[in-house]
Amino acid sequence: MQKIICFLFVTLLLLVGCSAEQPTQTGAQIDTPPQKTYRWKLVTAWPKNFPGLGRGPETFARYVNEMSAGRLEVRVYGAGELVPGFEVFDAVSQGTAQMGHAGAYYWKGKIPAAPIFSAIPFGMNVTEMNAWLHYGGGLELWREIYEPFGVIPFAGGNSGVQMAGWFKNEINSLEDFKGLNMRIPGLGGEVFKKVGGVPVTLTGGEIFTSLQTGAIDATEWVGPYNDLAFGLHNAANNYYHSGWHEPGTVLEFIVNKAAYEALSKDLQAIVDVATRAVNQDMHDEYTARNNNAMQQLINEHGVNVKPLPEDVLAALKQATEEVMAEKSAQDADFARIYAAYQRFYQGVKRYHKLSEQAYYENRE
Numbered sequence: 002m003q004k005i006i007c008f009l010f011v012t013l014l015l016l017v018g019c020s021a022e023q024p025t026q027t028g029a030q031i032d033t034p035p036q037k038t039y040r041w042k043l044v045t046a047w048p049k050n051f052p053g054l055g056r057g058p059e060t061f062a063r064y065v066n067e068m069s070a071g072r073l074e075v076r077v078y079g080a081g082e083l084v085p086g087f088e089v090f091d092a093v094s095q096g097t098a099q100m101g102h103a104g105a106y107y108w109k110g111k112i113p114a115a116p117i118f119s120a121i122p123f124g125m126n127v128t129e130m131n132a133w134l135h136y137g138g139g140l141e142l143w144r145e146i147y148e149p150f151g152v153i154p155f156a157g158g159n160s161g162v163q164m165a166g167w168f169k170n171e172i173n174s175l176e177d178f179k180g181l182n183m184r185i186p187g188l189g190g191e192v193f194k195k196v197g198g199v200p201v202t203l204t205g206g207e208i209f210t211s212l213q214t215g216a217i218d219a220t221e222w223v224g225p226y227n228d229l230a231f232g233l234h235n236a237a238n239n240y241y242h243s244g245w246h247e248p249g250t251v252l253e254f255i256v257n258k259a260a261y262e263a264l265s266k267d268l269q270a271i272v273d274v275a276t277r278a279v280n281q282d283m284h285d286e287y288t289a290r291n292n293n294a295m296q297q298l299i300n301e302h303g304v305n306v307k308p309l310p311e312d313v314l315a316a317l318k319q320a321t322e323e324v325m326a327e328k329s330a331q332d333a334d335f336a337r338i339y340a341a342y343q344r345f346y347q348g349v350k351r352y353h354k355l356s357e358q359a360y361y362e363n364r365e
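My numbering numbers the first residue of the sequence shown as 2 and each following residue consecutively.
If you are wondering where the hints come from, they were derived from the structure by calculation, not from laboratory data.
This structure is a prediction, so every number in the text was calculated from the model and none was measured.
There may be inaccurate statements among the hints.
Below, simulated DSBU-like cross-link-like pairs (lysine-lysine); rule was C-alpha separation at most 35 Å, straight line [said to hold, decoys possible]:
(1) K111 / K328
(2) K179 / K194
(3) K318 / K195
(4) K37 / K266
(5) K318 / K111
(6) K179 / K195
(7) K328 / K195
(8) K195 / K354
(9) K194 / K328
All chains, full assembly: derive it from the sequences and hints.
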C-alpha cells in the first residue's frame, strides 16, 4: 500500500509540473510582434460631412477603422481641406492621399471614357449599373483605364435617379435652353451644349452662390435631399424632373495602387467589403430621405415641381445619341467600353421592361 501511495504522489507531482508549464507555452504563442498599422488620407470632392455624398466616405472610414481594429486608420478630408474637389484624382494618383471619393465624370479631360462609369443620359439606373459593374465586366474595364494612373476604382455609392434641376425661369420649350448657363457636368453637359445650352462645371460648394448671384441661370445637383441641404430653393423656384442626364449616378472610391498593394490581404479585403457596403448604403439613404425632403420643398417652401416638356426630352435624347456617336469616333477606349455598356444595357432593359417597369405601371 505504501508503494502505491508513493507512486500516486509522484504521478501527481508530474501532472502538476506539466500543467504549470502550459501557461508558459500559451504565453509564448500570444507574445507575437505587433502587427503593422497604416494611416490613410481620404480626400473628397464634397463638403465635409455633406448629407449623402459626404457621409459616404465617413461611413467607409468608420467601417474600416472598426473592422481592422485600428490597423488601418482612415482620415477623411472634405473638398478644399487638403486639395480642391477637382484635384482628387491627381492627389490619389500622385500619392498625396491614399484614397479619394468623387465622380468619374470629373476626369473626362484626362480619361475620355471615365464618364461612362458615372452616368450616361437616358442610360442605366442604379440597379443596372451595379449589376454591370459587379457581374457584367464593367468594373474590370473601369480598372483597366485607370491602371496607367496607378489608381484602382471601386463603386462608392449612388444617388439614384436625379432631378433635372433648378431654373430661375420656366422651361416651356427647347428655345428656353438656348444660351442658358447651367451647372451640369459630364456627358449630360455635352448633351446640354448640343441643344444650345452653355454647360458650366462647378463643385458643390460653389453652386448656391453662383445661382443666387446670377452667374448661372440653372443648376442640377442631386435630388431633394441634397438640394434642400444646399438651400437651392432660395435661389430658384422652378424644380424640374426627371433626371434625364443622370439616371443612376455611380460615385467612386479611388485608391492609390501602391498603397493598396502594401496592405496585407485581410486589410485589402476590408477595403473591398467596406466600399461595397457604402455603395449600397448610400442608395438606401437617398431612397429614404428624398421623399421627405421633396414634401418639405413643396409644402413648406412652395417650390414648383414640374416635368420637362416632352419635346425638350425628345431633343435631349436625340442629342445624347449624337454625342455618344461622336465620342466613340474620337476615342477607341470610349467606343470599346460604350459598346460593352450597350450590350449589357439592351439586355437588362428588355428584362426590366417585363419586370420592374411593368410592376411600376401595375401598382399605379
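Query - Violated hints - listed by number, lowest first - result: Hint check: nothing fails, all pass.
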